[in-house]
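> Here's the letter readout for the chains.
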Amino acid sequence: MATGTTVERDTLRRERIFGAIQRRGALAVLVAIVVVAGLTLDLFLTPRNIEDVLLHASFVGLISVGMTFVIITGGIDLSVGSLVALGGVLAGLSVGISWPLGLLFPTLACGLYGFLNGLLIAKAKLPAFIVTLAGLLGIRGLALVLSGTLTIPIPGPPAFVWFGRGEIFGLDVPIVVMFGAFAVGALVLNRSRYGEAVFAVGGSEEAARLAGVRVDRVKIIAYTTSGALAGLAGALVAAWLSAGQPTVGQAWELYAIASVVLGGTLLTGGAGTMLGSLVGVLLFYTIQNVINQVGTLTSYTQQLVTGIFLIVVVAAQTYLTRQRTY
Amino acid sequence: MSEQDNILEVRGVTKGFPGVLALDDVSFGLGTGEVHALVGENGAGKSTLIKIVTGVHRPDEGEIFFAGERVSFSSPREAQEAGISTIYQDTNLISLRSVAQNIFLGREPRNRFGLTDKARMKREAEELLGRYGIEADVTVPVRSLGVGVQQMVAVAKAVSLDARVVIMDEPTSSLEAREVETLFGVIRQLREDGVGVLYVSHRLEELYEICERVIVMRDGKVVHTGDLEELPRLELIATMLGREAPEIEERTTSSARENATGELVLEARGLTTHHAPRDVSIEVHAGEVVGLSGLLGSGRTETAKAMFGARHLDSGSVSVDGEEVDPGSPAQAIKSGLAFVPEDRKAEGIIPELSVRENIVAAALPRLSRAGFVSKKEQDELVERFMDRLGIKASGPDQPAGELSGGNQQKVMLARWLCLEPKVLLLDEPTQGIDVGAKAEVQRLISELAQDGLGVVMIDSEPEEIVEGSDRVVVLRDGGVAGMLSGEELTEQNLVRMIAGSESSEPQNNEEDADG
Amino acid sequence: MARPTTADAGPGGYAILVRLRNNGVYVALALLVLFNLFFTTNFATAGTILGLLSQATFVLLVALGLTLVIGTGGIDLSVGAIMAIASAVVPLYLGYSWPVAVIVALIFCVLAGMLNGFLVAYVGMQPIVATLALFVGGRGFAQVLVNGQLQTISDPGFLALWRATVFGVPMPVVVAAVAALLVGLLARQTTFGRYVLAVGGNRTASYLSGHPVRVVLLAVYAISGLLAGLAGILATARLAAGDPATIGLLIELDAIAAVVIGGTPLSGGRMNVGGTVAGAILMLVISATFVMNNINPIYAQILKAAIIVLAVYIQQGRRGS
Chain A
1 MATGTTVERD TLRRERIFGA IQRRGALAVL VAIVVVAGLT LDLFLTPRNI EDVLLHASFV
61 GLISVGMTFV IITGGIDLSV GSLVALGGVL AGLSVGISWP LGLLFPTLAC GLYGFLNGLL
121 IAKAKLPAFI VTLAGLLGIR GLALVLSGTL TIPIPGPPAF VWFGRGEIFG LDVPIVVMFG
181 AFAVGALVLN RSRYGEAVFA VGGSEEAARL AGVRVDRVKI IAYTTSGALA GLAGALVAAW
241 LSAGQPTVGQ AWELYAIASV VLGGTLLTGG AGTMLGSLVG VLLFYTIQNV INQVGTLTSY
301 TQQLVTGIFL IVVVAAQTYL TRQRTY
Chain B
1 MSEQDNILEV RGVTKGFPGV LALDDVSFGL GTGEVHALVG ENGAGKSTLI KIVTGVHRPD
61 EGEIFFAGER VSFSSPREAQ EAGISTIYQD TNLISLRSVA QNIFLGREPR NRFGLTDKAR
121 MKREAEELLG RYGIEADVTV PVRSLGVGVQ QMVAVAKAVS LDARVVIMDE PTSSLEAREV
181 ETLFGVIRQL REDGVGVLYV SHRLEELYEI CERVIVMRDG KVVHTGDLEE LPRLELIATM
241 LGREAPEIEE RTTSSARENA TGELVLEARG LTTHHAPRDV SIEVHAGEVV GLSGLLGSGR
301 TETAKAMFGA RHLDSGSVSV DGEEVDPGSP AQAIKSGLAF VPEDRKAEGI IPELSVRENI
361 VAAALPRLSR AGFVSKKEQD ELVERFMDRL GIKASGPDQP AGELSGGNQQ KVMLARWLCL
421 EPKVLLLDEP TQGIDVGAKA EVQRLISELA QDGLGVVMID SEPEEIVEGS DRVVVLRDGG
481 VAGMLSGEEL TEQNLVRMIA GSESSEPQNN EEDADG
Chain C
1 MARPTTADAG PGGYAILVRL RNNGVYVALA LLVLFNLFFT TNFATAGTIL GLLSQATFVL
61 LVALGLTLVI GTGGIDLSVG AIMAIASAVV PLYLGYSWPV AVIVALIFCV LAGMLNGFLV
121 AYVGMQPIVA TLALFVGGRG FAQVLVNGQL QTISDPGFLA LWRATVFGVP MPVVVAAVAA
181 LLVGLLARQT TFGRYVLAVG GNRTASYLSG HPVRVVLLAV YAISGLLAGL AGILATARLA
241 AGDPATIGLL IELDAIAAVV IGGTPLSGGR MNVGGTVAGA ILMLVISATF VMNNINPIYA
301 QILKAAIIVL AVYIQQGRRG S
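Residue numbers (the numbering used here), protein chains in the order written: chain A, 1 to 326; chain B, 1 to 516; chain C, 1 to 321.
By construction, these hints were calculated from the structure, which means they are not laboratory data. Keep in mind that this is a model prediction, so the values were computed, not measured. Glycine included, C-beta positions come from ideal geometry on N, C-alpha and C. Accuracy of the hints is not assured; some may be wrong.
[Claimed, not checked] DSS-like, lysine-lysine: derived pairs with alpha carbons at most 30 Å apart: (1) B:Lys-346 with B:Lys-221; (2) B:Lys-221 with B:Lys-423; (3) B:Lys-46 with B:Lys-118; (4) B:Lys-423 with B:Lys-335; (5) B:Lys-51 with A:Lys-125; (6) B:Lys-346 with B:Lys-376; (7) A:Lys-123 with B:Lys-393; (8) A:Lys-125 with B:Lys-346; (9) B:Lys-335 with B:Lys-346; (10) B:Lys-376 with B:Lys-335; (11) B:Lys-439 with B:Lys-393; (12) A:Lys-123 with B:Lys-221.
[Claimed, not checked] These stretches of chain C come out as covered by chain A in the derived footprint (C-beta under 8 Å, 3 or more residues): (13) 255-265; (14) 285-299; (15) 304-310.
[Claimed, not checked] Negatives, chain A to chain C, calculated, CB over 12 Å: (16) Thr-46; (17) Asn-49; (18) Leu-93; (19) Ile-168; (20) Arg-217; (21) Ala-271; (22) Ile-311.
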């Protein structure tokens, strides 16, 4: 097939290599860590530990699904951490009325807030960073106000608590929900018209608009989804803790962003994969787990090492995939 | 041809924007199976007309008829769904997505589960491209394909939408000769299928080859419609510019200029970067204008940037006035006396939020600073002098530069570099995107600067302009030097031949002239 | 279409809108202060006002550094963590003498800032991600330095940084005022300030004009680190303890809000240092208004969030079709 001059063939080849690094880099690192840790740490590959990692990862993982959509459209959602807290509080307040409400109400309410985000960002054309930053502040405040800054205990009903503590085929429910969300997310992103539209909007809004894509609608749906998933995550956290805590979720939006970026999604939008984000989340929490296991390191060192790790992985990705502009 | 046959009919359309009347009572008709040329200088109203027809803007007055019915599109999507397809100059493909994904954007085929059918997308995309003789991998991101291929994909995409009217805006700007022929084949097929084609281009030879009728616009009005074969080229240009034919005649022959016998002021040797330039050497003397010509992608801008230190050199050297320039960065090049005016004012030149004043002194800041502080007095003096000399029109030196017109922005760019009193000026498409009047001013200025002893390297895509404005022209192809033209050999015809790289690369003297 | 300027604002309503956009923060601050002067008991005393200004210095110092960073089109999420680093380092070196402790702490912070700058300028990472990494790891680093322990401080020289007054004006206010003046000068009158605006306004144009783009980027993050360190030192003096667990927590939010409300766009290319100062003070006065009138201060947080959105909306100007 003719791809023109040597210039073009070189570009094509480089494109392929960089794409591969972008997409598979995190997976390679994850596999490496799992192998090394599995060989050197006795307790690492036990079912108990694996489930532990997955459980801790499941909440941020759920958020990361929505974050992936938002970031691919070229935006960002900093309000999801606070929405998790709000979700938990709303669950605590509504579960008494009827237990399904404990799941539905947070999801719908936070989804509605996400819709509002989408309106401000798509229609009023306000910068996503600021709008969702304001959300981070305001929603946390709302959660604190609604709960009176106290933790709302949720002793039951057992049907609700099952969503946080129960098991499906031996796996904790939140883990199954996370995988389910990623599966659906991947399907929508890769095999639906909406997914194509998401990539188009992130790649070039103008070109997408001219091609007839309803850019505003695509963005609004992305933010609504992000909010709804955060609300659901909040409800699941509440079920798991048996309490609606207004202080959960601090910095979770940043963990979600880190996971998505680690997974190879471009912060500038237009490219990314659900699988990558899943790998990113698993990688993030696996590192935490390994550090924990090594034992001698305190939780502070965990944070430090996580930070260093983030730098190294993303720096490598950035450096290798950087287009030589000047 | 009766009005009944017109697939697209525009009647009395007027459109104004704050401060300018873009379209003034414009009427024309596009017949089924007809290829209609739309010509006019920049600012004549061509793109506004297209935007009105495709639903980007609504007309203030007038009506549009499509397939006999009155229409009023409120978005490009509506126009597209109705059957009017447009190919823009900036291909408007999404570079990170594949050919197949771009072609089917918004209407991806689905399988029985409602999921996008990727296999079918790939197959149908390949079929579509194959039908028009385009070879490309439909699954890779579009940005990894050549510019020419990207353009062809854009054409294929537009055509695949079952359009009854196809509007093409400068479709050949990035195409090689072979691809242009492919495009014309597509257009002929469209004509046979009864599709009306509106063809906008500056390349008059192409118009005469493929179009039957022409509409000429100037200052928002239609100044001529009719069959193309009844309008000789010279008259066409004259109508576009509103000038008399004899004036044009004068312009197309090389203007004489005092010979450049000055010292060697710039010597670039063996410039090589990973794909362009490839072992390019150029010499410029004081008072000389050296044109740098070639197709898009031939490496002209890359060569200029490499000379300026804005592009990493794998090998080669640049010397100004005999002294070698440290190739590390533009800052070093500037110190040695080089100046570079980039092609894309918006992306690489003008800092929009900063004032005209701040934009002009942007490169001169090291010279204007005393102990890290900017000397206001010297700054203002410099700015006033150059705004005057170049005739920059703005509400004042404090106006944000982003608000100026294209021509004035270009003057600001020139001022930025001229205030450094450089020895060599590298210009990348200095007359691009500015109106006729400003163009002439800039060309005259370049000539003056050369007279004053500056060495100039000028990149220009218009063969006419570069032939007229240069003492010598270096032609690049595929990153390397294809040849050079000077003196009597420097004619538009020879230049175009050398660029195209046709049978003989030897420049030919015009037979007719030799006899005449 | 370019933003409308006062140059093309006609008389009447539109002109008011444009002026509001450019100066809204001052108006808001003035109105709120007036409100408090009349309705809030004890507000109109020198003690209250000076006390409020003192409390505003942390956000202000951090926001000043952020103004420069944002001017280049970047962001710095690590400022709170850098404050924590300062707070951890100071107690470790007080044994030598408090000036040494302060200088060493500031050096640590500048180095942290330079790490940010290096990642952004030389590695090419996006500022969000680079500073996010320091946000996650920086506080951890600070904790590791002191083994997670809170260190009480009794060195009178050091504590004087918070408690001393200069002609009746608290030292932190003086420090912040001097910093604001210097940053303002830097932004408006120096070559460096022009470089910052150019890098943020059009990085390629800046590069092609011979500006030292990478050095500029490195420098703004270093300065941001320095000012965050200064804020951390003052906060530590106020607390009379080195506490990397709590010092600077969540300050990036208030600081970014102050910068944005003050009229500096997140996209870079323009800086409004005066606006940042007003914005930082405004943020604090809002909280104070609620607290001093016995209303739940959490509502203040919600109000701040709404104001941020409003401020950005006004700055955007009316976007027609």
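> If a hint holds in the structure, say so; if it doesn't, say that too.
Quick rundown of the hints versus the structure:
Taken as a hint, the Lys-346 of chain B and Lys-221 of chain B pair is honoured in the structure, with Cα atoms around 28 Å apart against an allowance of 30 Å. A threshold of 30 Å between alpha carbons decides the hint, and for Lys-221 of chain B with Lys-423 of chain B the separation of about 44 Å lies outside it, so the pair is violated. Between Lys-46 of chain B and Lys-118 of chain B, the direct Cα distance comes to roughly 38 Å. Violation of the 30 Å bound is thereby established for this hinted pair. Restraint check for Lys-423 of chain B and Lys-335 of chain B: satisfied, since their Cα atoms lie roughly 10 Å apart, inside the 30 Å limit.
About 23 Å separates the Cα atoms of Lys-51 of chain B and Lys-125 of chain A, which keeps this hinted pair within 30 Å; it holds. Between the alpha carbons of Lys-346 of chain B and Lys-376 of chain B the distance comes to roughly 27 Å, so the proposed pair stays at or under 30 Å and holds. With a C-alpha separation of about 36 Å, the suggested pair Lys-123 of chain A and Lys-393 of chain B falls outside the 30 Å cut-off, and the hint is violated. Between Lys-125 of chain A and Lys-346 of chain B, the direct Cα distance comes to roughly 22 Å. Compliance with the 30 Å bound is thereby established for this hinted pair.
Taking the CA atoms of Lys-335 of chain B and Lys-346 of chain B, the gap is about 25 Å. The hint holds against a cut of 30 Å. Between Lys-376 of chain B and Lys-335 of chain B the CA atoms are separated by roughly 22 Å; this keeps the pair inside 30 Å, and the hint holds. As the CA atoms of Lys-439 of chain B and Lys-393 of chain B are separated by approximately 15 Å, the hinted pair is consistent with the 30 Å bound. Under the criterion of a C-alpha separation no larger than 30 Å, the hint pairing Lys-123 of chain A with Lys-221 of chain B is inconsistent with the structure, at around 36 Å.
With 3 residues having a beta carbon nearer than 8 Å to a beta carbon of chain A, the region 255-265 of chain C meets the requirement of three or more and the stated coverage holds. Coverage of the region 285-299 of chain C by chain A holds in this model, with 3 residues showing a Cβ closer than 8 Å to a Cβ of that chain against a need of three. Residue count for the region 304-310 of chain C with a Cβ under 8 Å from a Cβ of chain A: 5. That meets the three needed, and the coverage hint holds. Consistency note on Thr-46 of chain A: stated as away from chain C, and its beta-carbon is indeed over 12 Å from all of that chain's, at 27 Å minimum.
Under the 12 Å C-beta cut-off, the non-interface status given to Asn-49 of chain A relative to chain C holds; the minimum distance is some 23 Å. With a closest Cβ-Cβ approach of about 17 Å to chain C, Leu-93 of chain A is found to remain outside the 12 Å limit, as its non-interface label requires. At the 12 Å boundary, the C-beta of Ile-168 of chain A stays outside the reach of chain C, the nearest C-beta of that chain being 32 Å off. At roughly 17 Å from the closest C-beta of chain C, the C-beta of Arg-217 of chain A stays outside 12 Å, upholding its exclusion from the interface.
The beta carbon of Ala-271 of chain A is kept farther than 12 Å from every beta carbon of chain C, the shortest such distance being approximately 14 Å. With a closest Cβ-Cβ approach of about 4 Å to chain C, Ile-311 of chain A is found to fall inside the 12 Å limit, against its non-interface label.
Of the numbered hints stated above, those contradicted by the structure are hints 2, 3, 7, 12, 22, listed in ascending order.
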